[in-house]
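Grab the two chains, each in its own frame, and use the hints to assemble them into the complex.
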Amino acid sequence: MPPKIAVRSLSKVFQPAHGAAVEALRGIDLEIGEGEFVSLIGASGCGKTTLLRIMGGFEQASEGYVEIASCAGPRDLVTSTVFQEESVFPWLDVEANVEYGLRIRGMTRERRRKIVDHFIDKVGLSAFKHAYPAQLSGGMRQRVSVARAFANGPEVLLMDEPFGALDEQTRIVLQQEVLRLWSEHRCTVVFVTHSLDEAITLSDRIIVLSARPGQVRADIPVEIPRPREVSSLRAHPLYAGLYQRLWSLIEADIERSRPMVAA
Amino acid sequence: MTDPLNAGERNSEDGPIADRVAKAGVPTLLRRGENTGQHQWTARAQWWLRLISPLLLLGTWELLAYVGELDARFFPPPSEIGKSAVSVIQDGSLWRASQDTLRRLALGYGAGALSGVIIGLWLGLSTWFRALIEPWIQITYPIPKLALYPLLVLVVGLGEMPIIVLLAIGVFYVVAINTIAGVLSIRRVIIDVGRDCRASFMQFFLTIALPASLPHIFTALEISLGLAYIILIGAEFVGAKSGLGAIIWSSWQLFDVGPMYVSIVTVSVLGYFSVLATRWLGDFLMPWRRTHG
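So the protein lines, in turn, are chains A and B. Each residue of the first sequence is one higher than the last, beginning at 1 in the working numbering. Each residue of the second sequence is one higher than the last, beginning at 1 in the working numbering.
Just chain B, with the same shape it has in the complex (with noise of 0.2 Å):
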């Protein structure tokens, strides 16, 4: 990367300013242009740091759990988490919990956002159903999806279920919305362009609409991607007895907070992963993006 505010130009006398006055009437020469190897330089540590960087952060957290400072009951030093990591390990459960944990994400949230890309799609493009039933998603959107879960244990009943429709209700709406608006953002030529060749409804949101739609809808999935997992966290919290928000929850209350800590940064690994895996999708399937310049 170029530093933008130093492109490489020196004076070739970079002498203090009085020095340069006193010799007014010489001309100064500036060499712009010429590559001084810096940047490369430059560049090479910035990347190193940033790679570092986690580990200091963890260093100074280990030091100060070890002076005393940070309450090691509740904020154990990272080499004791790491300890209590590797008897998870070891003993399965750390593999069961995430196993649960992300069959209900893989349930819910493809329930979620295949229903919004469906019916997002045919809402983008029919304006009577937009009609119909806009209102209610714009009405009913605001609504925190986690306060929905004591209705849908009455309705689903107690177990997997309430937690994946929980799941899929939060997902569908954001994947929903902007593939609406992913409809809504095609230019007017695009949409002559099939009625000139008198596409039918299908062929429109098959040929057109969905593709057209596909950045706006990817980037609703990676948007609810996170949306899920707090929900799902969050839920587990209060109606599982498995998976890696259960182990959070039930590790706080019993005191022993190293399997919490280890569940959270699986959490969060299993979160970049998963953003990860949807970017690859997205690329595999718009290779039209991938070609530019």
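Next up, chain A with everything else stripped away, as it sits in the complex (with noise of 0.2 Å):
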């Protein structure tokens, strides 16, 4: 059987109109088995989220391509994405902003409303179905965008640093959620992250990519047991291992990417 998703010697390289061209990516070979909870990480500016947004199809591979196994209907979505900048409507409520990707597909009224409560309620955010983002905090539009990737039932949810803004205690209680939230409605999902913490929490596998132009540097499979509680998971022997593993994998890069100061 194929992969979900194969990435096959792809590389990305940005030629802004003025200025020198950035490498983001360079051949990159990757495969994500079906179901698969799988992070990148890596320093800042890596390309992991250039490499996410190819998968997504918002961007285009200068070299290779990524290629998804897919039995999605012509109605289905194959990926669906939770991004890390804020991106609930502004003028929909709690409700339509979660019902879009299925209003858009045609989805009767009806069959709709099943699925948007059931994951409004997921999310605890039942009180506020007819609420204006607006009128939420950060960590509820958040909620918002996680219930609808989810109501959007793809084969492979795409998250782009999703929690990355948020503080940490409602950071926190959504890595609980979307935990709970994927064991109940199994797909693949890429995660990408900077933060070691999170990776570990969620993954069943970390990519940790090297600085630019990203490269796979280490392909780190995390076997702490399911189910987890994100509260109580630093405690897990295996946790402090990984970490420092992960630490070390990435800490040149960081070293390097400091400005300089008076070159």
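Just so you know, these hints were derived from the structure itself, not from any lab. Check each hint, because a few of them may be wrong.
Chain A regions said to be covered by chain B (calculated; three or more residues, Cβ under 8 Å) [stated by the list, open to error]:
no.: 1; stretch: 51-59
no.: 2; stretch: 83-91
Here are some chain B residues pointing at chain A (derived, C-beta under 7 Å) [said to hold, decoys possible]:
no.: 3; residue: Ser-84
no.: 4; residue: Val-193
no.: 5; residue: Ala-199
no.: 6; residue: Phe-204
no.: 7; residue: Pro-211
A short list of chain A residues far from chain B (calculated; beta carbon distances all over 10 Å) [said to hold, decoys possible]:
no.: 8; residue: Ala-6
no.: 9; residue: Glu-23
no.: 10; residue: Thr-79
no.: 11; residue: Val-216
Glycine included, each C-beta is placed from N, C-alpha and C at the ideal position.
Dropping the structure here:
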């Protein structure tokens, strides 16, 4: 059986209108299995978001390609993305935001409502169904984005540092929610993060990218059993070793990307 | 409203500085945050002042005309204008003129606004269409629209049509240009969500570009409303036998300035209420903006 996602010798060079070209990714080869939860980590600017955006169909590669083995019908979504930036529509209330993707695909109102109610309930926003985003906190708005992505029912869920802009307490709660949702609605997840802790907490496997141009430096399995409890995971015997190993893999890159003083 | 320069701070002893210096060593008690009731009083007084301010202006005018400082042939006192208002209201001519003016406004403004929104959204979304059409808009925008009136008479004939078309053209530019700006200011991630959900061009148009640009569109509708009255009254000066603009022009030429002033005031009142109506419609169509804070 082919892997769910195969990345084949993928490279990406950005050519700005003025200035030098930036090589973001070089020769990425990667396979992700059906139902796997995989994190991409690396120093900032290593191209992990670019890789995710190519998987989502938002950007073209300069060389190579991404192949997704899909059994989706013509009306189903192969991928759905949760963005780092706030991406809820300010002119729609919570319910309409969550059902947006379903409405676009012409699903009937009754079927839509059942799905939407379920996911709004799962992210704990039932009391805010008819609130507009401006009335919600940043964490609640990101919950809406997560609910929208799950409601789309994709085969592959792409998450681009979805909790990067949130405070730590909110982040822990949302990580727990994602784990619970994912355990009930299994799909393949590619999760970009800069947080080592987040990668360990959520993933089956962690792909470490090198600094720019991003190349696959390591592919590390996380053998902490599920179901996992986010708040107590750090006490697990495997946690500290994994954390050390990941840090040693990206430490040099982070040192290197520090701004030069009086060059 | 709170006076930003005085947030309710006072010394317990407000004596002259010399006094306080004399008592050096003894701490002065500063009391802060106490509600003295002064601000409420100030706010209420200013509200009343705002209300009677126009009356003060009219009173001054009346007085100056009465003592002969103002030439009553051109600047009749407000009481005279009031009399002429009563007569044009009673003989129905003001009502008929307002109806004619408003009908032209509704048709011309409506056509200009609708086409401006549709073309503007399309231009904002399609880079191809923008590359083709935007230069035309930029080149022709600075033309004073009234200058087109003679040409329009040639093309569509005399009567109502050239006035309505002229209005529509003037409104179109303002609305289209603002709508394009509205679409172009949509954050990239919002567009990405549409692509993520595989929205078609038409779906982008209706479910993303239109609602996201509504704030820009309504700003444009309000601005172009003022412009519409300018163009409309100007066009009625030369091209209409009825309407408020026609009354202003003919009564000036007849040295009977009473109806002129009445029409000017009527235009300003109509303009004021049209702006209010536009804002009300905006609030109605953008419920998410009402719920801030």
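**Message:** Taking the earlier hints as the rules, which of them does this structure contradict?
**Reply:** 3, 6 and 10
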